[in-house]
Amino acid sequence: MSKTIKQLSIFVENKMGELSDITTLLASENISIESINLSDASDFGILRLIVNDRQKAKDILEKNGFSSKFIDVFAVEISDHVGSFNSVIKALSKQNINIEYTYTLSNAKLGAFVFKVADSELEMAIETLEKEGIHLLCEI
Amino acid sequence: MWNKIEGASRETIEEIQLKRLKETLLRVYELTSFYKEKFDELGISPKDITSLKDIEKLPFTKKQDLRDYYPFGLFTVPMSEVVRVHSSSGTTGKPTVVGYTQADLDVWDEVMARVFTMAGATSEDVVHNAYGYGLFTGGLGFDSGAKKIGATTIPVSSGFTDRQIMIMKDFKATILACTPSFALHMYETAKKSGSGYLKDFKLKSGVFGAEPTSDGLKEEVSRVWGIDYHEVYGLSEIIGPGVSSNCKHSKLLHVNEDHFYPEIVDHKTGKVLEDGKRGELVITSLTKQALPLIRYKTGDITSLHRAACACGRTLVRMESIVGRVDDMIIVNGVNVYPSQVEHVIANTEGVTLNYQIIADKKGHLNKLEILVEVSDDVLSDSVSEMEKIKKNIQHSIANNLCINASVKLVKPRTLERSMGKAVRVIDKRA
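Chains as they are written, first to last, in our numbering: chain U, 1 to 140; chain Z, 141 to 570.
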């Protein structure tokens, strides 16, 4: 089973009600948000979502004027002890794999983090971590 | 009055105009393939023009024609006779270039001397010239006119407001030459040093132009500085500033029609409109040597008036420009065409051609904001990549249009449409 996860990245303007417009749309279509992360610049931001029905989410957002795109990421299970996050970072940096961003996966039963690396390095990152015995989550 | 021709009888003026028109037509017909072909197509020869009324038979010249013959294709003298070039920004990166022989510069000096004289300036005056010096015709145009009347010129050019104010005060400037918005900006800046500070200025009048100005703004400039407001109209294609200006008796601008023959036409049909009716101003140069233009469509909307003026000048007068036939806007003296912005955006990945230009005021200066819709598939989910798109557009606009604009990325299909037609320009300055 593939270890890459499709994240939905959405362009959002930095204005009142923008985020709630999105969450309202998703709720109305019974789409569950597994994880959410917002990265912002001065007047716009990128909202990154992992949802249970991504195509449906993309369609409904597009129909309502939101520009979005699927992005390949992976998620790593991190156990709750000192140094476990560090072991993931160390394994990736040893291979010179640059992490573009990372954020926590909110609904995991265990602790988990989503990682984004360059598309060209995605496969190598997954292989590297698996070799290290680090548990990657499959499609959530 | 600088020159007695300004008060000559209608017969004298028209006689001069007809003679000069005939010379100009021969010149462009014999020396440019552009006009020869246009005249031939219409079956007109310069000798068919025997009265001023006949000018209506002649073809128009458009800004696009200057672009098509970029840079020097419409010049009617060898480059060895061209002593100066100026240019204004163009729509697709290429500017419009104009050339001057020494005789053309002499005409420019002459009409600008008339402008300064109309504003009450003499050789006793000190002119603070804050128009930009360079390819823009403002700086050197006002400079040469002030020199012609023997005034002292401070060629301070644009920018550095604090230093400008100090110079204007210390050098005891009596005439201010700049855009009206900059005049107000200088006042606001000077005011910060206290009202006592403002008493030390010696200004008595100003020659303002290069941007459309509401009556309210004119009155404010006049009031805050305590000076007479004189408006100057011009465009580089015809000569630069100096086509017309107003005396102290009226707000209508005396057109130097012995050099620039004005007509008002319906911009859609090209039909000449009667005096008093508003339409597009069309100008034929009567004495230009390097770049004579026949019936040049200025894009500016105004009207002509022939009633006598209390100052004794008999030259036809025009209203201050009331608008544009296209959607060109002027921001801090710079011409901005939506098509220029469009050109930049078309060459940028990740955004669509749906954009909106918003001109607004920031204090007394103008600011330009450009909203651009991102494409449906966001180009990147990296904020820094998206910021880069924004910066690239800003940078290209600064390079191509010579103006600083702030760019804002917005969601697809959010920009206002009017009856399905995109609203490209919103001018909030009025």
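Do not take every clue at face value.
[Stated by the list, open to error] The calculated lysine to any residue pairs, modelled on SDA-like cross-linking and capped at a C-alpha distance of 20 Å, are: (1) U:Lys-15 <-> Z:Arg-553; (2) Z:Lys-411 <-> Z:Thr-427; (3) U:Lys-56 <-> Z:Asp-516; (4) U:Lys-131 <-> U:Ser-87; (5) Z:Lys-548 <-> U:Asn-96; (6) Z:Lys-531 <-> Z:Ser-520; (7) Z:Lys-531 <-> U:Glu-18; (8) U:Lys-69 <-> Z:Glu-154; (9) Z:Lys-507 <-> U:Ser-87; (10) Z:Lys-548 <-> U:Glu-18; (11) Z:Lys-568 <-> Z:His-504.
Calculated directly from the structure, the hints in this document are not laboratory data.
Problem set entry | Hinted pair Lys-531 of chain Z and Ser-520 of chain Z, Cα distance within 20 Å | 15 Å, holds
Exercise. Regarding the pair Lys-548 of chain Z and Asn-96 of chain U, is the alpha-carbon distance no greater than 20 Å?
Worked result: 35 Å, violated
Problem set entry | Lys-568 of chain Z paired with His-504 of chain Z [C-alpha distance capped at 20 Å] | Holds, at about 13 Å.
Exercise. When you check the alpha-carbon spacing of Lys-15 of chain U and Arg-553 of chain Z, does it fall within 20 Å?
Worked result: 16 Å, holds
Exercise. Keeping to a limit of 20 Å between CA atoms, is the pair of Lys-548 of chain Z and Glu-18 of chain U held or broken?
Worked result: OK: Lys-548 of chain Z and Glu-18 of chain U at ~16 Å, within 20 Å.
Exercise. Is it true that the CA of Lys-411 of chain Z sits at most 20 Å from the CA of Thr-427 of chain Z?
Worked result: Between Lys-411 of chain Z and Thr-427 of chain Z the Cα gap is close to 25 Å, so the pair fails against 20 Å, i.e. violated.
Exercise. Within 20 Å, alpha carbon to alpha carbon, are Lys-131 of chain U and Ser-87 of chain U?
Worked result: 12 Å, holds
For this session: Verify the proposed pairing of Lys-507 of chain Z with Ser-87 of chain U, using a straight-line Cα cut of 20 Å.
Result: At roughly 51 Å apart (the allowed maximum being 20 Å), Ser-87 of chain U and Lys-507 of chain Z break the hint.
Exercise. Given the hinted pair Lys-69 of chain U and Glu-154 of chain Z, is their alpha-carbon gap at most 20 Å?
Worked result: Answer violated: Lys-69 of chain U to Glu-154 of chain Z is near 69 Å, above 20 Å.
Problem set entry | Pairwise hint evaluation, Asp-516 of chain Z against Lys-56 of chain U, where the allowed Cα distance is 20 Å at most | Answer holds: Lys-56 of chain U to Asp-516 of chain Z is near 16 Å, not above 20 Å.
Exercise. Are the Cα positions of Lys-531 of chain Z and Glu-18 of chain U separated by 20 Å at most?
Worked result: 24 Å, violated
Hints 2, 5, 7, 8 and 9, counting from the list given before, are not met by this structure.
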